[in-house]
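Given these sequences and hints, build the entire structure.
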Amino acid sequence: MNPTLHSILAFVQTWWVGLLCAVLIVLVVPLIAGYIVLVERKVMADMQARLGPMRVGPHGLLQPIADALKLLIKEDLIPDNADQFIFWFAPVLSMTAALTSMGAVAFGPWFQVARDINIGLLFVVGVSALGPFGIVLGGWASNNHYSIIGALRSTAQLISYETTAGFALVSGFLLAGTLNVRAIVETQRADHAWYIFLAPVGFFTYLIASIAETNRAPFDLPEAESELVAGYMTEYSGFRWSLYFLAEYANMIVVASVGTTLFLGGWLRPFPSVQWLGWLDAAPTLLLAAVGAYCVFRAGKQPARVQSLFMWAVAFACFVVAAIFALASPFSHLPLERMHDGLYGAFWFLLKDSVYIYIFMWLRFTLPRFRFDQLMRLGWHILIPLALINVVDVGIALALSSEFGLNRWLAMIVTTAATLGVAILLLRWNDKYSAAASAALLADSSVVEDPHAG
Amino acid sequence: MLDSVIFYSFAGIAVISAALMITRRNAIHSAVFLITTLLATAGIFLQLRAEFLFISQIILYVGGIMVLFIFVIMLVRLDVPLPQIRSRTQKWIALLVALAVGVEAGVVIFLARKAPGQGLLIPNPAPADKLPPNTEELANSLFRTYLLPFEIASVLLLVAMVGAVVMAKKRTDA
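Same order as they appear, the protein sequences are chains A and B. For what it's worth, this note's numbering labels the leading residue of the first sequence as 447, then goes sequentially. For what it's worth, this note's numbering labels the leading residue of the second sequence as 19, then goes sequentially.
It is worth saying that the hints were derived from the structure and are not from the lab. Watch out, some of these pointers could steer you wrong.
What the hints assert, rightly or not - Here are the simulated distance ranges between beta carbons: (1) B/R162 <-> A/V720: 22 to 28 Å; (2) A/W461 <-> B/A182: 46 to 52 Å; (3) B/P167 <-> A/T812: 33 to 39 Å; (4) A/L477 <-> B/V180: 49 to 55 Å; (5) B/A182 <-> A/L497: 52 to 58 Å.
Unchecked claim - Just so you have them, the derived chain A footprint on chain B, three or more residues with Cβ under 8 Å: (6) 46-54; (7) 77-90.
From the three backbone atoms N, C-alpha and C, an ideal C-beta is built for every residue, glycine too.
Set out below in structure tokens:
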């Protein structure tokens, strides 16, 4: 046989799981992103006491597909004065960074592209940090004031909050003692604790920093529509715009996955080693069956025949997946160990990811947007010192428990209390400072002449 | 075979985009090509199985320093050429320095080839799957073997940072 072909075959044989996962991620992430948008609109509608998209498909279930089709056939405009190459290149860069960084995320014990890389989560964080270049370069290439202001805001925000996110991750890495994604999850199983309970300050600083890094409300200043039209995306339309959009949602999945892996126990079931909570393994089957049953219930109430047929199809799909879960569950006593691990791991991981993303949406529709100086003050005066002190405190706790034999939980509680005490001090100091700063700002603005006066 | 293909493609990208980085008129284009060079260098690190170096190159240089560069480029007016760029003598000095560096690198590579095992070439490198995990190795050498130099370097950097803050503060006060 041809040696080249042979080596290619050998490569595929060794890496087929990873390759399959890579193809699956590239194919499925755009679809998932579309449906996250739908869920987001539904959640927003629910919080604002209205229905949200209802027209395309039953309960708007086909809305994302219609939206994608509309974006694909829209006219693709490039402004005359734009920097052609960078304008073309920037959205691609954003999307590539987001998808590449998913390569090291483990969506379950078997569903991972690059399995045993030593740098693990660091790879995810580092590569996804390339995405903002797409935003900055796209904003600059558009040759538009709104775009460039959006790009500059995004850069400043990124520099400020990436430090916080880094320190928050370090506190988790200290606890895990490794960067490898699978090893991090396995140490959480061995420690009998998700690291959110051992390092709560680390988790919450990471949560805030990750919202800021994905440019979402209340930190969405780079694309603040009431101030900047659409920020860096102002000149983009059609497919290029949708690439930016996809990158934003893919980035959300990435940061949620990092947070889930490091702080929420990755693909582990809640309380994986507690015997009498074994019934939790039935949860995926029951949940899917319940969704299916609800779809059957709603199918009869659809206004059109096509819509009720579609509901029946969704219900059928739910039942099939529920049956697969039931077959793979430990209660069926079938020799499907690997399938059980993979399926149930993916279920718990995606559930935790969804909760994380739901928190994003919840905050988006609850909090008003920050002013830029407030954003900077929160980042530099509160979050960075807090995250830094948290790293030191987690280190002290680890030293106390390993060198002096203090109970690990006791050490963590004491040091977390110390960190929170520092946080209160920081807040009080910042209140004083910000009052003074606001007074100075007011005094300043009174000097500026109002062009419309008189 | 695969290793050398990967190496030469990354090295080629690095060299070509470094040349383009110098020759572009537009500062943002230069920055983009500098990013490409840094990424290609990171790729070479990865091909050498230095994963930690690869990701620190990306996080520090590309994700940190280049973001700052672009930020500054966007804030500063660059279409006004600086007087020192226009000076003629600078070209000749640059040529001289470049030649000197080239000769130096050539001599080092030549000597290393002559004495295998003492220079750049390692006669029997460990196979890729037998290498120790290099994050741990790096941490051991930084925090155990070379702890004092590492701490001295850290304090030096801290002093430089504090100094920069103090100097910037003086200017805004005045």
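Tested hints:
no.: 1; hint: B/R162 <-> A/V720: 22 to 28 Å; in the structure: violated, 39 Å
no.: 2; hint: A/W461 <-> B/A182: 46 to 52 Å; in the structure: holds, 47 Å
no.: 3; hint: B/P167 <-> A/T812: 33 to 39 Å; in the structure: violated, 50 Å
no.: 4; hint: A/L477 <-> B/V180: 49 to 55 Å; in the structure: holds, 51 Å
no.: 5; hint: B/A182 <-> A/L497: 52 to 58 Å; in the structure: holds, 55 Å
no.: 6; hint: 46-54; in the structure: holds (count 4)
no.: 7; hint: 77-90; in the structure: holds (count 9)
The structure fails hints 1, 3 (numbered hints given earlier, in ascending order).
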